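2 protein chains.
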Amino acid sequence: MHGTATGQRQPALHPLTSTDLRSVDTYWRAANYLSVGQIYLQANPLLRDGLIPEHIKPRLLGHWGTTPGLNLIYAHLSRRLAEGDSDIMWVVGPGHGGPAALACAWLDGTYSDVYPAVSRDAAGMGRLFRQFSFPGGVPSHVAPETPGSIHEGGELGYSLAHAYGAAFDNPNLVVACVIGDGEAETGPLAASWHSNRFLNPARDGAVLPILHLNGYKIANPTVLARIPEEQLLAYLRGTGHRPHVVSGSDPAEVHQQMAAAVDRAFDEIAEIQDQARGHTRRAHPEWPVVVLRTPKGWTGPATADGLPVEGTWRSHQVPLARVREDADQLRALESWLRSYRPADLFDEAGRPTSHVDALVPAEGRGLSATVHANGGLLLRDLVIPDFRRHAVEVPTPASTTAEATRVLGDHLREVMRANPDRFRLFGPDETASNRLGGVFDVTDKAWNAATVDTDEHLSPDGRVLEVLSEHLCQGWLEGYLLTGRHGLFNCYEAFIQIVDAMFNQHAKWLKATNAIPWRLPIASLNYLLTSHVWRQDHNGFTHQDPGFLDHVVNKKAEVIRVYLPPDTNTLLSVADHCLRSRNYINVIVAGKQPQLNLMPIEAAEAHCTRGIGLWEWASTDQGSTPDVVLACAGDVPSLETLAAADLLRRYLPDLRVRVVNVVNLMRLQSPTEHPHGLSDREFDALFPPGTPTIFAFHGYPWLVHRLTYRRGFHPDLHVRGYIEEGTTTTPFDMTMLNNMDRFHLFMDVIDRVPGLAPRAAHLRQRMADERLRCRAHTRTHGEDAPDIREWTWPH
Amino acid sequence: MHGTATGQRQPALHPLTSTDLRSVDTYWRAANYLSVGQIYLQANPLLRDGLIPEHIKPRLLGHWGTTPGLNLIYAHLSRRLAEGDSDIMWVVGPGHGGPAALACAWLDGTYSDVYPAVSRDAAGMGRLFRQFSFPGGVPSHVAPETPGSIHEGGELGYSLAHAYGAAFDNPNLVVACVIGDGEAETGPLAASWHSNRFLNPARDGAVLPILHLNGYKIANPTVLARIPEEQLLAYLRGTGHRPHVVSGSDPAEVHQQMAAAVDRAFDEIAEIQDQARGHTRRAHPEWPVVVLRTPKGWTGPATADGLPVEGTWRSHQVPLARVREDADQLRALESWLRSYRPADLFDEAGRPTSHVDALVPAEGRGLSATVHANGGLLLRDLVIPDFRRHAVEVPTPASTTAEATRVLGDHLREVMRANPDRFRLFGPDETASNRLGGVFDVTDKAWNAATVDTDEHLSPDGRVLEVLSEHLCQGWLEGYLLTGRHGLFNCYEAFIQIVDAMFNQHAKWLKATNAIPWRLPIASLNYLLTSHVWRQDHNGFTHQDPGFLDHVVNKKAEVIRVYLPPDTNTLLSVADHCLRSRNYINVIVAGKQPQLNLMPIEAAEAHCTRGIGLWEWASTDQGSTPDVVLACAGDVPSLETLAAADLLRRYLPDLRVRVVNVVNLMRLQSPTEHPHGLSDREFDALFPPGTPTIFAFHGYPWLVHRLTYRRGFHPDLHVRGYIEEGTTTTPFDMTMLNNMDRFHLFMDVIDRVPGLAPRAAHLRQRMADERLRCRAHTRTHGEDAPDIREWTWPH
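First to last, the sequence lines map onto chains V and W.
Mapping to numbering that gives the first Met the number 0: the first sequence position 637 is 636, numbers consecutive.
Mapping to numbering that gives the first Met the number 0: the second sequence position 680 is 679, numbers consecutive.
I should point out that these hints are in silico values taken from the structure, not numbers from a laboratory.
A couple of the hints might just be wrong.
To be verified - Cut-off 16 Å, straight-line C-alpha distance, at most; resulting in silico cross-link-like pairs (EDC-like, lysine to aspartate or glutamate):
1) V:K555 x W:E724
2) W:K555 x V:D266
3) W:K555 x W:E724
4) V:K555 x V:E672
Fair warning: this is a prediction, and the values are worked out from it, not measured in the lab.
So that you can see chain V by itself, here it is in the shape it has in the complex (with noise of 0.2 Å):
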């Protein structure tokens, strides 16, 4: 091993006095002793009277190995707010920490103030215990329900993103990152080891990755632990870091160590920030990294059953796992808890002794008290300037066009310079392709690594945040915004299901958070999915992709809102919307390509207010029970189904056709399923029941039958939507393929308006053969089949 030769080792430095070593170490006795408590007891948690089975939870669930590791960065990161003048939060990225973070904010007092009934003495560290792992109780990890957190320990992989969306534009603020060697391995967590290259030491905070190496993941080491230390170092650096190895199991020496490596962070930090703060910034800035290198399970039952259990996989989860049955393992608990001496911890009314409070902050300045990890308690308001000044005109549908994310850009440019300090763009190096780039008037892609002079719109300071991962963009907008902030997410759509999962962990916090009082609301978080489907010209099949709809609404409708603006007018409409609410998701679905303006600025304000409408003047029903009803949602199926309305105005005058539009997507559901629902009174008045509906749909069709399924109409109800037919062709080609072209759904008319099929046999044969013109044309002239913009319109 090489690591002492070039890594930042500080063997030689012992920063505490006896003092601090004693303080720091009961603290983190305490908080050892009360996490074993949660993993065993039920009763007799201060250890007054012998173990006896009946003390014993009757299921042993939970997880030991990470803790000690937890419970140690925590009294050092105490110490170090105790003494410093940093704002610092920590991100718990480990599995299954939740018994650390529960300990400390209990010894720390922030628990019981949010939760009364675990006060702190003993009957509260009697229910602390109870409800960990219990039915209804708590679960083993860091959740929405632990205060000072911002990170749910339940999937891996997000929490070093999640601290640099933290740090950005919190100058103040260090977030003490606590990586686990298993998170090490996701692919998230090792794209983030990056994530300085995007952060401006001027104006954000810092990020202090504590790298932490128990060894193991569930059951097998792990890779970081397990390779040359040299390569360890050089993988650490060579991401643009300053590595501090911390490592042993004597708790003394350790803790002499880790105190040294936190305190010379620290002030890496400092020095980083104040040369950029001077405005002498550094090219490429090293910032600190910890490597704590300590056993898994460290201070557990060194063996059980004759088999090596503290240092190794076997003290994953819970070390003693027969306590309640087997007497010498009973034994062995209570040697186990007993040895991190109770009675110097807690006094007789169960409440931390003055040993322990010597690292205990004035009450409400702990670690786990920090605003930060609340951020509802932070959160201003976005100052919105008016979308509508920058409406497109529309002096009658279909005669102009316009890109409407272009548009919503010129708007995004205005919220960002209205927000100088709270309003951030992510995107995953899809920008100025997503055609945003109106935001470049007023700020810069973030850029922190090497410039050449040709480059452009790249500064330290910028506010638009590019990656080329899907996964580092959601991570720090879930970071920025669970600390305060507002932002917003573009992304193509079709890999936007690159964070699927991240969005169902997001959407159960926010459910989670739903039901906690003293979490605020947030921000929503909003996507602008755009580079849709439809439209993948010469990217083709791989690129067409409209399931993320279908994911999101499998979530708790209370947290899910979809829209799908048919126009420019509509989307900035729209996004003015998203960007006021707080704790939903908000997806939004519009294209970038030059596409007709349908709507006028106050009528698309109302349209999307309603969130579903007719379109009086697309249709021919005049009031009366339509023949039809065209029903469309998304801008490529809204000019298919407009067309379609034309074609059967010129071929079939007299049938009576309805247009109606679906810009909010949850309108579709029943009242009973998403508060957005439509009573089925309003519902049955757009789609008259025993009228067939003709359905052009922006994403999978079962997506719509899915949604109105409560609604009376299925037998009339035919869906034309994505099928997952696709290639490299042209926009029009590509509603062919998917039978959702104007004039398949002519012919879906023909078929299902009863009585119509026998007198306009010769009609749809017309269609069927303009279609197949149509594609002919497409695949020999390698254009867009001839369009019909020249509509003429019953009002």
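Following the hints, complete the assembly by docking chain W onto the known chain V.
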């Protein structure tokens, strides 16, 4: 820059003779010419006439930026393939590398072999150009249609994982993996660098990563191109690699550097392999990596419209975008094309000249013709021992218990034993947790890093791949399957959604290959999802998510299959079927906890073959039309359904209850939608029209509604399933939270069977009370609610 000091750059070596240099450069120029032609030309492919606008495609689509670098790499790999004794395959990671792969495959003759219309002459060249990014043609990235590739260049991040999957168990293969510096920012790619820790140089092939730093992604510089070179080299060394840097823009100089680097890399690979195969294993072999730093859009236009293009992000797509309209640009394009000296490259007939052919290997020997990229050619059936020998005894239903996945693990052990060269198991550190540990009787976990005394089942020779990254598991498995082998991915159900996007791309790949005659079928991608939504006793809400099923069924019916075996013997039968199948994605969901055994092996096999069936042994309808159908899919729903049927027999003995179990979810769909769909006649025989059906389902309930949408029984169908309610709690409490418990199913029957409600009101109340009693028990005592095991059977 300290690169030269610390990197393994070899500027002094000039291994190419002037003849070699000429042949490599000529090939490169030819490939570049063909690439530019694909982007621009629809006629006049050989430039026999001066360019006029009519020669230019009406829409200019495609990507030039990455292409010259890829062509260079291909030329040098071809040189090496001709000289060396290794099989070589290349994987094209950079996005939109289509023009390069197509140009080189055409030059090699491979393209014309599989697509005879695109002949290796002027006419074929014309077709090659025209089809590119043309409606109905080929996309701008490497696709299934591209010979020599196992890797779709659409979604980014998976190249290196695919390369390792291809290398496993392929001792003579070197997989040269080109990694784009954009792609390198993604999480999956960042995690993939450490894949070498899982590769055995004695038995596996090798991966040669070629990191192509052209400096830009779509609109931004890339991180790895803009950090100090000493950091870049440290980063690569930290991942276990020895970097060889090639850097420049003078072709002759770059050719010499590149040839030297490639030779050196192959020598180092041979040295590592020789040592390992001579049984003198090196603990941590340092694998070569080539870092290729050349300008983006190299050899293209230096400027356009007065702005720099070559060497900037502006060369990403079409460097000269207005050649059809702008005479100056047309002239610039012509001089760009002529700069490759086409007369030196192609003869009168449009065939490559002998100068080009010097680097073209004999027919069928080119890089693009490798059989490894058409895995179906190499596929050998799995030897599958009889699964029946692992069957559990089931004297009567529900009288014994087993852990289904543990028994499957015994079967997988035998599969592993019988196929030591072509079957692997993949999992994110969960194989033991998922109780498949039986396989460790005959193999180990692949591990080529340090070991300690307490380790178990770690070996370089292990055939179980465990890494805490679902992305790597999926990517490795895909690469392994696509090169003609077999495997199974076991994963926690909730976290499989981490690879939703990768699943999409593999499903799209399979769908596309079904239409490509020269691609032979490969083994199916098998998922075993366990630790499922209903059994997350201490993990809680974050681990409760059955949404992958909804995600899967969005893809084409021809490639997806979903199985929900209700017990151990049915799991064995389903797994056997899946392991034998081809070109599908099979999803199996099965619990790992002890559960009741329901069916003897013969009955289980028959039931799984039908995929859906009436459980007569639990039904009381005696062949008549039932009063109610209790349907179920999944192990926990089946248990609750059987318990509800027992309660009904006890309390409403006259009620005719039919129990139907669904193993193969696709049987629910109409045969017009899925080839496994039950005919309407068979369906109506199981679910008689007009009879209420209470369906207890493993996942989100609406999936059953969706699958049965075209069946006639909507008003009669009532589905219970996961409704996104969860917490840390007992298995029984989970069913209660989601209204799928036996008591609720009983109440549903009372509510749904006509005429039952009035006379059974007291029973409904009794069940409601029982539910609350069970909930209270769970939450008070911390153990599961009292189970009902003492069932009596009607027959």
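Tested hints:
1. V:K555 x W:E724: holds (9 Å)
2. W:K555 x V:D266: Roughly 57 Å between the alpha carbons, so the hint for K555 (chain W) and D266 (chain V) is violated.
3. W:K555 x W:E724: violated (30 Å)
4. V:K555 x V:E672: holds (9 Å)
Checked against the numbered hints given earlier, the structure breaks hints 2 and 3 and satisfies all the rest.
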